[in-house]
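Residue-level listing of the chains:
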Amino acid sequence: MHNFLDFEKPIAELEGKIEELRHLSDDGEINIAEEVARLQVKADRLLRQAYAKLTSWQKTQVARHPDRPHSSDYIANLIEDFTPLAGDRLFGEDRAIIGGIGRFRGYTVVIIGQEKGSDTNSRIEHNFGMARPEGYRKAQRLMGLANRFGLPVVTLVDSAGAYPGIGAEERGQAAAIARSIETCLGLKVPLVCAIIGEGGSGGAIAIATANQVLMLEHAVYSVISPEGCASILWRSGEQAQQAAEALKLTAQDLIKLGVIDEIMPEPLGGAQRDKREAIETVGEAIEKSLRELRKFDGVELRQRRREKFLEIGRKGLA
Amino acid sequence: MNWISNFVRPKIRALVHKEVPDNLWRKCLSCAQMIFHRELEANLLVCPHCGYHLRIGAKKRLGMLFDEGVYKTIELPETPADPLKFRDRKRYTERLKEAQVKTEEKEAILVAHGEMGGMPVVIAAFDFGFMGGSMGMAVGEALLAAAKLAVLQKAPLITVPASGGARMQEGILSLMQMPRTVIAVEQVKEAGLPYIVLLSDPTTGGVSASFAMLGDIALAEPGAIIGFAGQRVIEETIRETLPDGFQRAEFLLDHGMVDMVVHRRDLRETIIRLLKLLGERTPPAEVVALPKAESESADAKPESADAATGAPTGAPAEASGGSAE
Ligand SMILES: [Zn+2]
Chain G
1 MHNFLDFEKP IAELEGKIEE LRHLSDDGEI NIAEEVARLQ VKADRLLRQA YAKLTSWQKT
61 QVARHPDRPH SSDYIANLIE DFTPLAGDRL FGEDRAIIGG IGRFRGYTVV IIGQEKGSDT
121 NSRIEHNFGM ARPEGYRKAQ RLMGLANRFG LPVVTLVDSA GAYPGIGAEE RGQAAAIARS
181 IETCLGLKVP LVCAIIGEGG SGGAIAIATA NQVLMLEHAV YSVISPEGCA SILWRSGEQA
241 QQAAEALKLT AQDLIKLGVI DEIMPEPLGG AQRDKREAIE TVGEAIEKSL RELRKFDGVE
301 LRQRRREKFL EIGRKGLA
Chain L
1001 MNWISNFVRP KIRALVHKEV PDNLWRKCLS CAQMIFHREL EANLLVCPHC GYHLRIGAKK
1061 RLGMLFDEGV YKTIELPETP ADPLKFRDRK RYTERLKEAQ VKTEEKEAIL VAHGEMGGMP
1121 VVIAAFDFGF MGGSMGMAVG EALLAAAKLA VLQKAPLITV PASGGARMQE GILSLMQMPR
1181 TVIAVEQVKE AGLPYIVLLS DPTTGGVSAS FAMLGDIALA EPGAIIGFAG QRVIEETIRE
1241 TLPDGFQRAE FLLDHGMVDM VVHRRDLRET IIRLLKLLGE RTPPAEVVAL PKAESESADA
1301 KPESADAATG APTGAPAEAS GGSAE
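Read top to bottom, the protein sequences are chains G and L.
Here the first sequence stands for residues 1 to 318, where the numbers follow our numbering.
Here the second sequence stands for residues 1001 to 1325, where the numbers follow our numbering.
Treat the hints with caution; some may be incorrect.
Within a straight-line C-alpha distance of at most 25 Å, the following computed PhoX-like cross-link-like pairs (lysine-lysine) qualify [said to hold, decoys possible]:
1. G:Lys308 with L:Lys1072
2. L:Lys1102 with L:Lys1189
3. L:Lys1027 with G:Lys315
4. L:Lys1097 with G:Lys308
5. G:Lys256 with L:Lys1189
6. L:Lys1097 with G:Lys188
7. G:Lys308 with L:Lys1189
8. G:Lys188 with G:Lys53
9. G:Lys188 with L:Lys1148
10. G:Lys188 with L:Lys1189
11. G:Lys288 with G:Lys188
12. L:Lys1106 with G:Lys53
13. G:Lys308 with G:Lys256
14. G:Lys315 with L:Lys1097
15. G:Lys315 with L:Lys1072
16. L:Lys1085 with L:Lys1072
Worth flagging that the hints you see were computed from the coordinates, not collected in a lab.
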């Protein structure tokens, strides 16, 4: 799995050494096991240090890490009897947003997730997680299904944003996102959103207007990508690091701003280093949220969701 | 006679601080012809040579929509000025100040109430000149206030976006204005009031992807750029040049995304007609007690048959909509 990020270079070097030593151990050298253990401790320490103080830009890179678990991984591990459902019944099937029905911890749920893909073929199939209007309209259709049968909805956000293309504009990308937000707000069933990687602007809020918004420790969520912001405000994409800081896009920033409800801790070195653990943590957090939301009836759920968004920015800010 | 005396009553005139010198000529951005500024004003800032619709500020917009240009603006709710302490090459607070000086407005939106065709209306108009009409917390809160006012006054809400989208300097809090302004629209619709959007140049990004695309009726000004993604971003992504007229109002009309493209001089009349038509609703049918046991008799009112599940069995013949005779 070793796709290392720039700032992980020293760790990568150590881990490379450890790997080499492990291969040498066959040669009967005595100190090798000890040396490996020593280096492993050092590597863990470096990793811990690096991940304890990731900058906003580094977090952006971690959030986009190709080895991070994606929506399909969460669905495969958390949802029993998952049955994918396809199409918006209007134009097409957009695989940038996957979704369907299945059983989560004993209850039937509708789950909708932005899927980036994990190799060249699947990335192309899922359009790198960038949905067209059909994707948002499929999401609306699935939410409608959930509403009709009283099923909770779980959404997984992981997208650089809505796809900027000619066809997407022709078919009303803006309207599709607006309607998707409206659909989220109208639901009379629990809606829990987990931001698992990249929360890209309008493409994210389209399915993140939820009762509870959970976010992984190293995920990011922003109105614009740091690169996009830098190229507009600094007139140079090279200021992306500065832009990332200024945008306050980390989970730690967002909880202070009252925009998210909970930070889900990641395994040491990020979700990409231990997918199973990351998926389990997210599963637990979603289950807890759904359990809390079960207390409310449909009208209350809708009202509370609305009030939650109305409250954002009204208090607690300078 | 200039534009002011044609459209704005004297008491409103006091609001217009700067009168542009009369001898000013402006070059049309579209056909490059020189236009005498008074002629341009009299023509509602539409080029008399080619019909190009120039962008107009919020105050002018309100002046040309309300009856005789008379309206009252409301004080916008207070919001945190710079929640992220944002700084790019300049401080956000500095940019705000500059915009306020330039436009003589507090924010990128004005909310006003008055009458159109004698009917009460609330209008929220954007000012593109104020940081590109970008939507931050103040704009979002203003739209919520506009919705509240519309509901209180039982008046239709008209929004006139002119915005590049969310205000980046407010980060995620500007993104949050998308659901918040959708809630504003919901409140108006739940009260049974019409919500009309007049899409003006430009309406893009987070503004188009929220309240601006949820109108009961969507009007657009000729040539206005309306869309989600910026053209440069699209070109960079697909590495193709965009077709002529892409994301223009007429393009949206052709793709079924707006109801009509309306010349600026016809806007008032069009909106008034729509509001009249929407306001003059058929009075509810007289309530007739249902016949008792013999309820499946042909006395059943057609409305109740329509509301049924659609199963034709047992429904009186005259109630089935498809009947040719
Ligand atoms: Zn012209």
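Straight-line alpha-carbon gap Lys308 of chain G to Lys256 of chain G, limit 25 Å: Holds, because 15 Å separates the two Cα atoms, which is no more than 25 Å.
Hinted pair, alpha-carbon criterion (25 Å max): Lys1106 of chain L, Lys53 of chain G. Please report holds or violated. Outside the cut-off at roughly 39 Å; violated.
Agreement of Lys1097 of chain L and Lys188 of chain G with the hint, judged by alpha carbon distance not exceeding 25 Å: With a Cα-Cα distance of about 43 Å, the restraint between Lys1097 of chain L and Lys188 of chain G is violated, given a limit of 25 Å.
Within a Cα-Cα threshold of 25 Å, do Lys188 of chain G and Lys1189 of chain L meet the stated pairing? Satisfied, since the Cα-Cα distance of roughly 18 Å is no more than 25 Å.
Can you confirm whether the C-alpha distance between Lys256 of chain G and Lys1189 of chain L stays at or below 25 Å? Distance of about 33 Å is beyond 25 Å: violated.
Is Lys1027 of chain L within 25 Å of Lys315 of chain G, Cα to Cα? Distance of about 47 Å is beyond 25 Å: violated.
Please work out if Lys1102 of chain L and Lys1189 of chain L have their alpha carbons no farther apart than 25 Å. violated (35 Å)
Hey, Lys315 of chain G versus Lys1097 of chain L, does the alpha-carbon distance stay inside 25 Å? Since the Cα atoms of Lys315 of chain G and Lys1097 of chain L sit roughly 23 Å apart, the hinted pair holds (cutoff 25 Å).
Holds or violated: Lys308 of chain G and Lys1189 of chain L, Cα atoms, limit 25 Å. holds (20 Å)
Mind checking the alpha carbons of Lys1097 of chain L and Lys308 of chain G for me, to see if they're no more than 25 Å apart? violated (31 Å)
Are the Cα atoms of Lys188 of chain G and Lys1148 of chain L separated by 25 Å or less? Status holds; Cα separation ~23 Å.
Between Lys308 of chain G and Lys1072 of chain L, does the CA-CA distance stay at or below 25 Å? Not OK: Lys308 of chain G and Lys1072 of chain L at ~31 Å, beyond 25 Å, violated.
Checked against the numbered hints listed earlier, the structure breaks hints 1, 2, 3, 4, 5, 6, 8, 12, 15 and 16; every other hint is satisfied.
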